Amino acid sequence: MIGGFAYRAAAAILILPAGGYLALFFGLPLLLAFLGGFGLFTRGAETGFTLEHYRVLFGTQAYRDGLWFSTYLAIVPTLVSLSLSLPLAVALARTHPGQKLFNMLYKVPLVVPGIVAAFIVMTMFDRGGLAARALAPIGIDLPKLVRDQWAVGVIIATAWKAVPFMTLIIGGSLGAINRDILAAARTLGAGPWATFVRIQVPLALPGITAAFLLTFIGGMGAYAVPNLLGPVYPLPLSVHMYVNAFERNNWGLVSAMGTVLSLISIMVLLAYYRATRSMRTAYGGEAR
Amino acid sequence: MTATLSATPMRAPRQPFLSSDGRWISLGLGLAFVVVLGLPLVVAVLWSLVDPRVGWFAPDVVPTSLALDHWHTALRNPTILSALGLSVGIGIAVTILTSVLALPTAYALAKLPFKMKRAVELFVLAPLIVPGIIVAVGVGAIFFRLDLVYTIPGVILVQTVGTLPFMIRILAATIEAIPGDLIAAARTLGAGPWSIARHIVIPLAWPGFIAGGLLTFVSSFEEFEKTFIIGSPFVQTLPVILWTYLGGRGIIFPNAAVVTFILLVPMLIVFFLAGRVLRDDVLASGMGKL
Amino acid sequence: MSTLHIDGVAKSFGGTTALHEVSLHVGDGEFVTLLGPSGCGKTTLMRIIAGITQPDRGSIRIDDRAIHALPPERRNIGLVFQSYALFPHMTVAANVGFGLKMRGIPRAQVAARVAAALDLVDLGALADRHPRALSGGQQQRVALARAVVIEPDVLLFDEPLSNLDAKLRDQLRDDLKILQRRLGITAIYVTHDQAEAMALADRILVMKDGRIVEEGAPVALYRQPRTRFAAEFLGQTNVIPVHLEAGQPLMPWDMVGFARTGIADRHVSLRPEDIAMTPDAEGPGEVRGVIFLGASVECRVAIGGVELRVRQSGSGVAIPEIGAPVRLAARIEPHPLAEGVHSALSVGDA
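Chains as they are written, first to last, in numbering that gives the first Met the number 0: chain P, 0 to 287; chain Z, 0 to 289; chain L, 0 to 349.
Please note: incorrect hints may appear among the correct ones.
[Said to hold, decoys possible] Among the chain L residues that face chain P by a calculated CB cut under 10 Å, a handful are: (1) Q81; (2) R308; (3) R310; (4) G313.
[Stated by the list, open to error] If you anchor each label on the Cβ, the simulated ranges turn out as follows: (5) A132(L) x N248(P): 57 to 63 Å; (6) A190(Z) x Q223(L): 36 to 42 Å; (7) G19(P) x A190(Z): 24 to 30 Å; (8) I265(P) x V99(Z): 26 to 32 Å; (9) V41(Z) x N248(P): 52 to 58 Å; (10) E332(L) x A176(Z): 56 to 62 Å; (11) A294(L) x G274(Z): 57 to 63 Å; (12) S295(L) x Y6(P): 48 to 54 Å.
Calculated directly from the structure, the hints in this document are not laboratory data.
Please read all numbers here as calculations on a predicted model, not as lab measurements.
Glycine included, each C-beta is placed from N, C-alpha and C at the ideal position.
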């Protein structure tokens, strides 16, 4: 029986390739970005600890609005996608004619780049797009869906990509539930809806959480789709990052923005963990 | 002998265990897919076939004149063709690199007991928690100093950062499912680490490799943000080209439509081939727990 | 006050028939076992009764109520699973109270009834634990409490003890029977273990290939099986061909078979414990194998062209050598078996 030390040594060697890689190409940039936000180790501008970048970030209207807009683009498409994915995952799991075909079809958007999704929304929903042309003869005038204040076009394009992704993960979680448990719930008097809400959703919560978080974080950092379909103002923080990095060379500000976005993601992660824990006890019933 | 006939009819009860009729589900799903997938596909095809001399303007719901001109131009355009080759090449390179880096770590996470496991798991997960653009910009800053910007290796390296977490998790989930007894048995029969990897772990983890490998290739092929920030304007993959047609100097739908198909066709082929080999539960298990 | 009537229930999966028009009736408070090898259809029948699987044909009634058209949640049937099927995200108390909650029973009452049910199975102290913190035996008790607390018309058991080790199985088996007696709930118990069936049931239904081949009370079924299948499935037996000679049915060792005559060549069932074996230098039999089982000694004896198993219990039993000559005698009259491998009797015959 090998001792703990040997395991640790073996583990260390095995983890070195990927771990070292990530440390170098992810950890280090992240660390530099974090420090850069405070003015340390940056290129361009002067170096030296400073809160100037954060002052600019929170002081400038455009950036504040951009931060709020990035958060909006993270939350709303994710919620919309979740509300579509849950029923879709359940529907796909029930036996029905063509089940195999549908289970393959719904994954197609997974292999389609986000830019193509944006392209689709452009051609269909923009002013003069297909939807507008098709509905014109009937006299229905579509509201502005692309480059509008509520970023509806962005939401549609993001959801188009996110729904299959979420459905895949949530479907996996739902499928992992032991069938006997569902049968037990039914024989104890729970109808299909009660079984879904009280048994399936709580037990599939890890998958639902994961899907939610990954989509949320993706939305937080989205660049291409909001750039193509979003309003002219406010621009999400990701676009400001790009502009400040490659056009104005203000890496300190870029780092500050990146740090703020990352912090929000982490906070949402923690909040969600806490929320789902209490949800689990709530479904437990009696004792609160 | 008992057998008093019951008053109720003896035909099969129609209510299946999980309620309503499957037919409605099929109808609903079919309709949804036609609208969400079929329609955009048709529209994209139409856009690619628009006659450049006439265009396709409102209020026409269907283009008045079709031509193959845009296809001809595109398929002869060296930029587009090289972008296709680049996308494929980078995709393969990223998949290989990711697989090689991921396997040992996945094995360690799946099979070895050690104290810092949770910390390592979180670290491996971290690239997913941090929005991609931040990773790209941060890496970009470093690559500037290393002269890796605007290079193909640079793009490969930065994309791998994003694909490693998924590959590691999927492989770890697959390897975890290999019974520890098999490895113990192999040990007692004299197999060393290399042999165990070659003869036991890799063959049995094959579904994970396929799932992870396909996911990685597809991610790389359609990846935009990191490639754009690190590679553009010298390294142009198909998504980057598509971007120039949609967000650059002006919106050119027909060109965008053609490039979309050039992007999509290999993806869909891979997808359908993968559909036969891929197992959803493997894919979902890797991504389903954070 | 619940009788269960099943008439002509049939089920096929794809090309295979799992159940061939099965009918059976269970009296109020009766404990009935469905006994048979894997694939005989017993679990399918159980799931059909519970409503988890839909039959192709047939009807199911509880008392006068037809339930085959009802979804599982409206049948008022309790089901105890082999895998326990406890809800992992709920405490023991929440698990047990779930069925009551679904019926809209007020909280205070639920708490009281849950406490009572947990006391019945001796788990009152564990009410706030989660299933993963419990042992297999404890989990099964929770599952039992959960099924009985809703006061179902019928209790169904799907091989509930298979996942437990032997000692625990016996213990729980006895507790189960006591509980059922006390509560008086009509029960159907599915198992492949014949000892379990005999220990628990008021009546055993032996199933094979989707049919009920024989049924009866444990003693009658064990001692006077009518079919060869039942004779061989319950305990061990020797199935011996009997020939007529001058109108007398003879055993292989030229002993008169049994009283009933006038019937052509038959098989009889004679259990190993019902054969007396004595050493005899001229004995027609020869010991071919000896197995010491602790409480008993089992010997294989070649006699008259057949090989029989003989079992003798008790610490004073001599352990013969292989090759020893012996004489055999039947302690009781061998039991004639019906011809044919199946005799699909319709149930209800006394």
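When the least beta-carbon distance from R310(L) to chain P is tested against 10 Å, hint result: The hint is violated - R310(L) has no Cβ within 10 Å of chain P, the shortest such distance being about 39 Å.
Note whether the CB distance of S295(L) and Y6(P) lies within 48 to 54 Å or breaks it. holds, 50 Å
Quick check: does the Cβ-Cβ distance between A132(L) and N248(P) fall within 57 to 63 Å? holds, 59 Å
Does 57 to 63 Å hold as the CB distance between A294(L) and G274(Z), or does it fail? holds, 60 Å
Between E332(L) and A176(Z), does the beta-carbon spacing fit 56 to 62 Å? Between E332(L) and A176(Z), where Cβ atoms are some 58 Å apart, the hint holds.
Does the beta carbon distance between G19(P) and A190(Z) stay inside 24 to 30 Å, or does it fall outside? holds, 27 Å
Distance restraint evaluation - I265(P), V99(Z), Cβ atoms, bounds 26 to 32 Å: holds, 30 Å
Holds or violated: G313(L) as interface residue toward chain P, Cβ cutoff 10 Å? violated, 45 Å
Is the hinted range of 36 to 42 Å satisfied by the C-beta distance from A190(Z) to Q223(L)? With a Cβ separation near 59 Å, A190(Z) and Q223(L) fall outside 36 to 42 Å, so the hint is violated.
Minimum Cβ distance from R308(L) to chain P below 10 Å? violated, 39 Å
Quick check on Q81(L) please, does its C-beta sit within 10 Å of some C-beta on chain P? Since chain P brings a Cβ to about 8 Å from Q81(L), closer than 10 Å, the hint holds.
So the hint says 52 to 58 Å: do the beta-carbon atoms of V41(Z) and N248(P) match that? violated, 45 Å
In summary, the structure is inconsistent with hints 2, 3, 4, 6 and 9 from the numbered list given earlier, while agreeing with the others.
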